[in-house]
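Each chain is listed here by its residues.
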Amino acid sequence: MDLRVRIGGLTLANPLIAASGCFGYGVEYADVVDLRTLGGVAVKGLFLNEREGHVPPRIVETPSGMLNAIGLQGIGVRRFISEQLPELRRRGAVVIVNICGTTLDEYVEVARILSDAEGVAALELNISCPNIKEGGITFGCSLTGTHDVVSAVRRVTRLPVIPKLTPNVTDVASFARAAEEAGADAISLVNTFLAMAIDVHSRRPKLSNIVGGLSGPAIRPIAVRMVYECRRTVKLPIVGMGGIATAEDVLEFMIAGANAVQIGTMNFVDPFIWRKLMEGLTSYMQAHKISRLQDIVGTVDTTAREKAWISS
Amino acid sequence: MPSRIDTVHDVDAAVTANRRLSVDYNVLSLDASEIATAARPGQFVMIRPSRSLDPLLRRPFSIFEVLRDSGGRPSGISIFNKRAGVGTSLLSQLEPGARLECLGPLGRPFDPVDPPAEAWMIAGGVGLAPFVTLAEALAARHTATTLFYGARTATDLYCIELFDALGVRIVLATEDGTLGTHGRITVPLEAALHRRPLGQPVKLYACGPTPMMRACAILAAEHGRACDVSLEQVMGCGLGGCYSCVAPIRRDDGRAHHTRTCIDGPVFDAQRVVWDVMAEHG
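Order-wise, the sequence lines are chains A and B. All residue numbers for the first sequence refer to the working numbering, where the first residue is 1 and numbers rise by one. All residue numbers for the second sequence refer to the working numbering, where the first residue is 1 and numbers rise by one.
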């Protein structure tokens, strides 16, 4: 059985990737999950320098989901390379570094520093975090901004470049196209949906940041639709995510058009989810006599659904 | 520190008892020998209150008791649950035989002191939860231990018999004066600190509402006593993945940083907590 996925020059052993912001720097989980068994680990978003992030409350539970406004707390790219990367390499993780910037120059510098480090497999460009004021999502909500960040990073690295798209736009597929034209090796989507929850007794927002990003199974059907739209628009490999909780959910994203997937919120609920997803994928492949999992990518059959009952 | 892969277990635990203490409080016993065997005082578990996706996240609970079989071997744990939201309401209603996913033990444990030092545990409300396991560890070391336990009213003081059985001296306070000292628990604590000669060592352990822990930290500093606190923040994963549960903690460089209470805590040196910030946002 072949579960491999190609993204640019990178081959992942399987399509299951830990989502950035949901898996620390990976090292935190190294004793719970054999990192070697994951397709990849997308580490928590890194700026050039350390950031403290927002004050609590940083998360709030919502129906079948959660809002977060962590504010990209992080140790900065240099400390990541010296303190976390060696352990990730020792554990055999395929390390995808999620990079952030408040300016174009910061993305470029972080990308350059990581390209010189040993043991980074790919760069995921965070142009979609809804929880910070400057940079990030402002690039991801503008077609020229998306194009500029991707092409600027493209020029300074040989590593696969994977912009992570925001769903907080009217037409996500146009952003996929902008990324493709700028030289991206793949795209990942979706980041969280900008959302809000209010305590009716105190009339205060439940998050200190007032608004935050919605994730979890609540968003899954929207994310699947967005992956489907992007698949129809670009040839790039797509890394799909949004509330994946079961192997069936993984398959749904892949049939919609994702080559690989990321698991985020449900890893909080079940840190042992990886084994269950892998078992589910292999038993599906056996049951449907599929030898290469990539053969199901983008195979959603809409023809029967498009037939009218009554011709007019 | 031992590698965590040997000590963190995700147990599909059967509920063996649900002891209802009042309308709002219950003690839920779970069959989880792996967790019970590995547990150290003050550690916690992450419990999934439902198998459905709503409510979604696990909730952190201190390991209240380590339960033992007739041979004295650890066979399970209990949690001290206060009904507050959707998850804790579900946990208050469970009957024996129900099953729950329970992940643990997690977090940095208490460091129990040895004689001749005494241990003074200060609990407010549901903050009683981590102190049974600490009291057991202290009793095993023959450390003289006192529990200062405060609540709003006498009927909100629970499970004192567990501490009695371990030989713990008990000092109570209620805000309405229905039992023990009339007022906050820090009133008898402060009096005891004044009475204790400096040559006689004592370590404080506090868990409860932020204002109570802050008051304990200030009293401990004034009297030159060590004080550990167990912080409870809203937690997403319990393993260091989500960065939800941070508290402002001073590091060795003297600067405060947002620090994850799940893996760097929940137990911290009280003097490292930036209480002004905690009080504002906690």
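These are calculated hints, taken from the structure and not from any lab test. Glycine included, each C-beta is placed from N, C-alpha and C at the ideal position. Hints may contain errors.
Stated by the list, open to error - Some chain B residues close to chain A (C-beta under 7 Å, calculated; not the full set):
1. 57
2. 65
3. 67
4. 71
5. 242
Results for each hint:
no.	hint	verdict
1	57	5 Å, holds
2	65	25 Å, violated
3	67	24 Å, violated
4	71	30 Å, violated
5	242	6 Å, holds
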